[in-house]
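**Student:** Residues per chain, in single letters:
There are 2 protein chains.
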Amino acid sequence: MEPLFELALRLPGAGSRDLLRELHRQLRSAILDGRLQPGARLPATRALAQQLGVSRNTMLAAYDLLLSEGYLLARPGAGTYVADTLPIARGGHGGRGSRSGRAPKASTPARRDPRLVPLDVPGADLAPTLQPQAARDDFRVGLPDVSLFPFDIWRRLSDRALRHTARQAARFADYADPQGQAALREAIAGHVSFTRAVGCTAADVVVTAGAQQAFGLLARILVVPGRTVVAVEQLFYPSLREAMLAAGARVVTVPTDDEGMCVDRIPPEARVVCVTPSHQFPTGVAMSPPRRAALLAFARARNAVVIEDDYDSEFRFAGRPLDALQTLDRAESVFYVGTFSKSLFPALRLGFVVAPPWARAALVRARELADWHGPVLAQEALAAFIAEGHLARHIRKMRKLYGARRTALLEALARHGAGRLEAVASDAGLHLSARLLGATRADAVVERAAAAGIVLPPLSRFALDANAPGVPNGLAFGYGLIGEAQIDGAVRRLVALL
Amino acid sequence: MEPLFELALRLPGAGSRDLLRELHRQLRSAILDGRLQPGARLPATRALAQQLGVSRNTMLAAYDLLLSEGYLLARPGAGTYVADTLPIARGGHGGRGSRSGRAPKASTPARRDPRLVPLDVPGADLAPTLQPQAARDDFRVGLPDVSLFPFDIWRRLSDRALRHTARQAARFADYADPQGQAALREAIAGHVSFTRAVGCTAADVVVTAGAQQAFGLLARILVVPGRTVVAVEQLFYPSLREAMLAAGARVVTVPTDDEGMCVDRIPPEARVVCVTPSHQFPTGVAMSPPRRAALLAFARARNAVVIEDDYDSEFRFAGRPLDALQTLDRAESVFYVGTFSKSLFPALRLGFVVAPPWARAALVRARELADWHGPVLAQEALAAFIAEGHLARHIRKMRKLYGARRTALLEALARHGAGRLEAVASDAGLHLSARLLGATRADAVVERAAAAGIVLPPLSRFALDANAPGVPNGLAFGYGLIGEAQIDGAVRRLVALL
Numbered sequence: 001m002e003p004l005f006e007l008a009l010r011l012p013g014a015g016s017r018d019l020l021r022e023l024h025r026q027l028r029s030a031i032l033d034g035r036l037q038p039g040a041r042l043p044a045t046r047a048l049a050q051q052l053g054v055s056r057n058t059m060l061a062a063y064d065l066l067l068s069e070g071y072l073l074a075r076p077g078a079g080t081y082v083a084d085t086l087p088i089a090r091g092g093h094g095g096r097g098s099r100s101g102r103a104p105k106a107s108t109p110a111r112r113d114p115r116l117v118p119l120d121v122p123g124a125d126l127a128p129t130l131q132p133q134a135a136r137d138d139f140r141v142g143l144p145d146v147s148l149f150p151f152d153i154w155r156r157l158s159d160r161a162l163r164h165t166a167r168q169a170a171r172f173a174d175y176a177d178p179q180g181q182a183a184l185r186e187a188i189a190g191h192v193s194f195t196r197a198v199g200c201t202a203a204d205v206v207v208t209a210g211a212q213q214a215f216g217l218l219a220r221i222l223v224v225p226g227r228t229v230v231a232v233e234q235l236f237y238p239s240l241r242e243a244m245l246a247a248g249a250r251v252v253t254v255p256t257d258d259e260g261m262c263v264d265r266i267p268p269e270a271r272v273v274c275v276t277p278s279h280q281f282p283t284g285v286a287m288s289p290p291r292r293a294a295l296l297a298f299a300r301a302r303n304a305v306v307i308e309d310d311y312d313s314e315f316r317f318a319g320r321p322l323d324a325l326q327t328l329d330r331a332e333s334v335f336y337v338g339t340f341s342k343s344l345f346p347a348l349r350l351g352f353v354v355a356p357p358w359a360r361a362a363l364v365r366a367r368e369l370a371d372w373h374g375p376v377l378a379q380e381a382l383a384a385f386i387a388e389g390h391l392a393r394h395i396r397k398m399r400k401l402y403g404a405r406r407t408a409l410l411e412a413l414a415r416h417g418a419g420r421l422e423a424v425a426s427d428a429g430l431h432l433s434a435r436l437l438g439a440t441r442a443d444a445v446v447e448r449a450a451a452a453g454i455v456l457p458p459l460s461r462f463a464l465d466a467n468a469p470g471v472p473n474g475l476a477f478g479y480g481l482i483g484e485a486q487i488d489g490a491v492r493r494l495v496a497l498l
Numbered sequence: 001m002e003p004l005f006e007l008a009l010r011l012p013g014a015g016s017r018d019l020l021r022e023l024h025r026q027l028r029s030a031i032l033d034g035r036l037q038p039g040a041r042l043p044a045t046r047a048l049a050q051q052l053g054v055s056r057n058t059m060l061a062a063y064d065l066l067l068s069e070g071y072l073l074a075r076p077g078a079g080t081y082v083a084d085t086l087p088i089a090r091g092g093h094g095g096r097g098s099r100s101g102r103a104p105k106a107s108t109p110a111r112r113d114p115r116l117v118p119l120d121v122p123g124a125d126l127a128p129t130l131q132p133q134a135a136r137d138d139f140r141v142g143l144p145d146v147s148l149f150p151f152d153i154w155r156r157l158s159d160r161a162l163r164h165t166a167r168q169a170a171r172f173a174d175y176a177d178p179q180g181q182a183a184l185r186e187a188i189a190g191h192v193s194f195t196r197a198v199g200c201t202a203a204d205v206v207v208t209a210g211a212q213q214a215f216g217l218l219a220r221i222l223v224v225p226g227r228t229v230v231a232v233e234q235l236f237y238p239s240l241r242e243a244m245l246a247a248g249a250r251v252v253t254v255p256t257d258d259e260g261m262c263v264d265r266i267p268p269e270a271r272v273v274c275v276t277p278s279h280q281f282p283t284g285v286a287m288s289p290p291r292r293a294a295l296l297a298f299a300r301a302r303n304a305v306v307i308e309d310d311y312d313s314e315f316r317f318a319g320r321p322l323d324a325l326q327t328l329d330r331a332e333s334v335f336y337v338g339t340f341s342k343s344l345f346p347a348l349r350l351g352f353v354v355a356p357p358w359a360r361a362a363l364v365r366a367r368e369l370a371d372w373h374g375p376v377l378a379q380e381a382l383a384a385f386i387a388e389g390h391l392a393r394h395i396r397k398m399r400k401l402y403g404a405r406r407t408a409l410l411e412a413l414a415r416h417g418a419g420r421l422e423a424v425a426s427d428a429g430l431h432l433s434a435r436l437l438g439a440t441r442a443d444a445v446v447e448r449a450a451a452a453g454i455v456l457p458p459l460s461r462f463a464l465d466a467n468a469p470g471v472p473n474g475l476a477f478g479y480g481l482i483g484e485a486q487i488d489g490a491v492r493r494l495v496a497l498l
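Chains as they are written, first to last, in the working numbering: chain A, 1 to 498; chain B, 1 to 498.
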């Protein structure tokens with residue numbers, strides 16, 4: 001009997017996607033932890049395949065992988081052996097599903113290699129994503145509920161997109177339009193015309209890999225490194241600012257009150273102004289009509305442009321939506337940025353810019369330089385998803401769900417937080433913010449909450465300087481991930497921590 | 001009878017993906033070309049839906065789209081009318097499948113808006129893709145044959161990835177690892193370890209949106225704008241150079257002969273050296289072992305890095321592959337860039353970098369800044385495609401197909417081109433180049449060929465200065481798109497044009 005026969009290998013069923021991977025992983029583990037000793041001879045692939053009930057080809061492939069990685073050595077005519085020197089010097093194996101391969105944030109390198117250009121972005125560790133997920137009550141912001149997403153429909157449309165494309169193989173072999181698939185641009189134009197009265201046609205839409213790429217491409221075409229002044233709101237979406245900084249912008253923050261950005265405080269030299277008028281991130285207030293008019297007047301007078309980040313206003317629960325800046329604009333100064341990360345799911349990585357005509361060619365060129373174009377099949381599937389009304393339907397369904405959670409949250413804040421935690425008025429979106437009325441500081445609350453299994457960010461996390469005048473002392477409550485029934489108890493326990 | 005009843009609408013069958021889109025498009029066309037006059041009253045949706053045999057919801061959605069676009073006007077209580085002023089002032093409608101929405105190249109703007117940063121890249125119009133496709137004999141380079149791609153397997157794996165992910169909805173709602181899905185990185189590491197002896201684990205792999213994004217991200221972390229000198233081969237892949245220029249690099253070209261880049265001619269101040277050692281783009285020569293050693297010695301001595309672009313060496317037809325620079329490297333100075341655009345299909349937009357440990361965190365951070373991460377489902381599908389051996393199988397199959405075409409091409413060149421057109425020795429890849437031996441200039445030949453329906457690029461298209469000493473007078477023949485049977489005739493007709 002060969003030694004390997006005594007190894008306890010637990011393999012998934014034949015035909016499983018994971019078979020080869022598991023076989024490879026478990027054999028490698030056995031080598032790494034010494035169950036298979038250096039120099040040990042392995043059984044012939046045929047014999048081992050038979051014993052394990054896998055195909056000989058799978059067995060051969062597993063041996064080949066281990067051979068190519070240096071875990072095994074083949075001695076011609078003499079069989080296969082565990083290598084004496086193991087190939088782990090290069091830093092360990094990431095492993096399946098393991099995150100050990102995850103690189104640490106570049107913002108805290110031990111020592112930078114002189115060959116690297118500094119990519120440090122001051123305050124870049126503000127980014128609110130990728131927090132630990134082991135929360136009992138998860139109020140993280142900006143993440144949607146995907147449990148009601150119609151995966152079956154999406155699968156059907158993806159299938160169809162693939163079949164369609166396969167039939168036009170010649171077209172498929174080529175690179176596609178960097179501006180985005182025509183069908184998707186048309187669908188997006190129809191969607192935003194309809195839902196947001198954003199006046200545009202397919203020709204005005206540039207498809208991007210989510211809003212993040214949109215910000216990066218806009219920075220690319222609008223920012224002269226070291227010179228261009230970009231104004232953001234006092235509290236802002238950290239990744240937007242990072243994209244601007246990474247392009248060399250001089251980013252300034254502008255005070256923001258309960259009517260949105262204080263337009264009269266924008267430095268006159270600002271050439272790009274970034275705002276979230278529908279649902280200020282993260283406070284949730286809507287920019288008032290006079291401020292909207294003033295901002296457009298500023299842009300016109302100063303030859304500046306506005307980046308309108310409309311990330312989650314599809315979810316509106318009360319009142320009439322205010323016109324988008326893009327809709328009000330008469331000077332072609334607004335770039336309207338939308339994303340499907342909130343209305344569908346972040347893993348899709350699809351967003352878009354509605355760009356004024358004078359900037360479109362440059363924006364398309366920037367996309368082409370960045371990565372040619374987006375994945376064709378996903379774009380076609382999304383085009384069909386929108387054109388057939390599934391997006392509108394999904395948004396309606398989710399609006400109901402989020403609306404119930406929002407109501408539960410408002411009620412819980414009123415019930416448990418009266419006099420201590422006061423909701424900021426807001427009619428739309430995937431999160432709500434609340435002000436702390438006492439002297440307790442929000443970041444202290446957040447720390448205590450985390451210890452109690454409640455995860456949520458302080459508003460100050462979205463400010464450059466948490467202590468600057470005007471930065472509200474408060475908390476943001478995302479309701480994309482938390483169930484309606486959980487909300488009351490979570491808020492009660494949170495208030496008890498104040 | 002309402003006027004609309006007389007319109008000839010030709011709609012796809014009920015349930016078709018295109019129903020709403022076609023309905024919308026045909027009604028809009030009727031409005032635009034005057035078959036439906038301004039002011040005309042449209043029938044009630046219910047009546048028209050019945051007559052056309054579509055659902056009322058679809059009919060409503062079509063009206064809603066046209067209303068939101070301004071083609072129709074609703075007068076409360078009085079019905080729906082064709083608008084008097086049509087919303088076409090903003091630049092026309094892209095239309096389904098139309099390319100009218102395609103932006104012109106930014107390199108030839110009539111007049112640049114002062115708000116735009118110059119994105120002009122000198123020589124950027126070199127890019128060889130997006131040429132007209134109406135060729136009878138299509139020798140374009142860099143485009144694979146996808147007619148044998150196992151779309152059914154891909155569909156099955158995509159389905160499975162979606163089902164899998166749907167079951168882990170909570171994970172799906174979040175953003176994913178910017179370095180790439182762990183399963184895909186592991187599969188890639190296994191693949192390149194096996195096929196190219198590139199020593200790496202999943203932890204060393206960074207997934208990118210094709211090679212183009214890889215170049216852009218590498219430029220981002222390696223190039224100090226206005227300062228860093230980047231060396232490329234005398235003939236080069238235009239998009240690589242563009243990515244470097246766009247990041248502010250000072251790009252210099254280095255003479256290249258039949259052993260590849262002349263390493264002793266690299267300017268000592270170069271800090272990044274970009275090469276295609278397996279299959280020089282576009283001449284096809286392989287970098288000789290001494291040159292490989294010299295390049296690595298240069299990098300070590302000068303603290304420079306090497307970008308090894310290994311874009312199509314999976315298709316090897318003769319001889320043993322030379323070791324990748326990454327394999328030979330002992331100083332962690334090589335970034336190995338791979339892509340699935342040639343081995344699978346460009347529309348997939350997936351590629352990768354095998355990065356040395358010191359640069360990995362920065363590269364991941366650069367990806368995160370650019371667009372967070374790649375699409376999760378496509379990554380998972382590709383991971384399974386590789387892990388289950390389909391990639392290796394597809395490459396084997398395509399190698400046979402391309403090999404036959406390559407043989408046909410070599411034979412045709414020998415048969416018809418003797419003394420006039422001489423193939424450049426090359427053992428791998430998706431294209432072959434040939435030198436013109438007479439005085440006829442390649443670009444003149446290419447023009448005449450295009451008129452005769454034969455599309456192929458002159459080698460000089462990949463040089464900065466077509467007349468520089470050392471730039472070969474020759475042609476590149478891609479065999480990704482042309483059938484084996486067509487090749488002999490095409491070459492014969494081409495030679496007749498000399």
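Misleading hints may appear alongside valid ones.
[Said to hold, decoys possible] Just some of the chain B residues that point at chain A, by a computed CB distance under 7 angstroms:
(1) V117
(2) Y175
(3) Q213
(4) A301
(5) V305
(6) W358
Everything labelled a hint here was simulated from the structure, so no lab data went into it.
Where a beta carbon is used, it is the ideal one built from N, C-alpha and C, also for glycine.
**Student:** Each hint: holds or not?
**Tutor:** Hint check:
1. V117: Nearest chain A Cβ about 5 angstroms off; hint holds.
2. Y175: Holds, because the Cβ-Cβ distance from Y175 of chain B to chain A comes to roughly 5 angstroms (cut-off 7 angstroms).
3. Q213: 4 angstroms, holds
4. A301: With a closest approach of 13 angstroms, the A301 of chain B hint is violated.
5. V305: 6 angstroms, holds
6. W358: Status holds, d = 4 angstroms.
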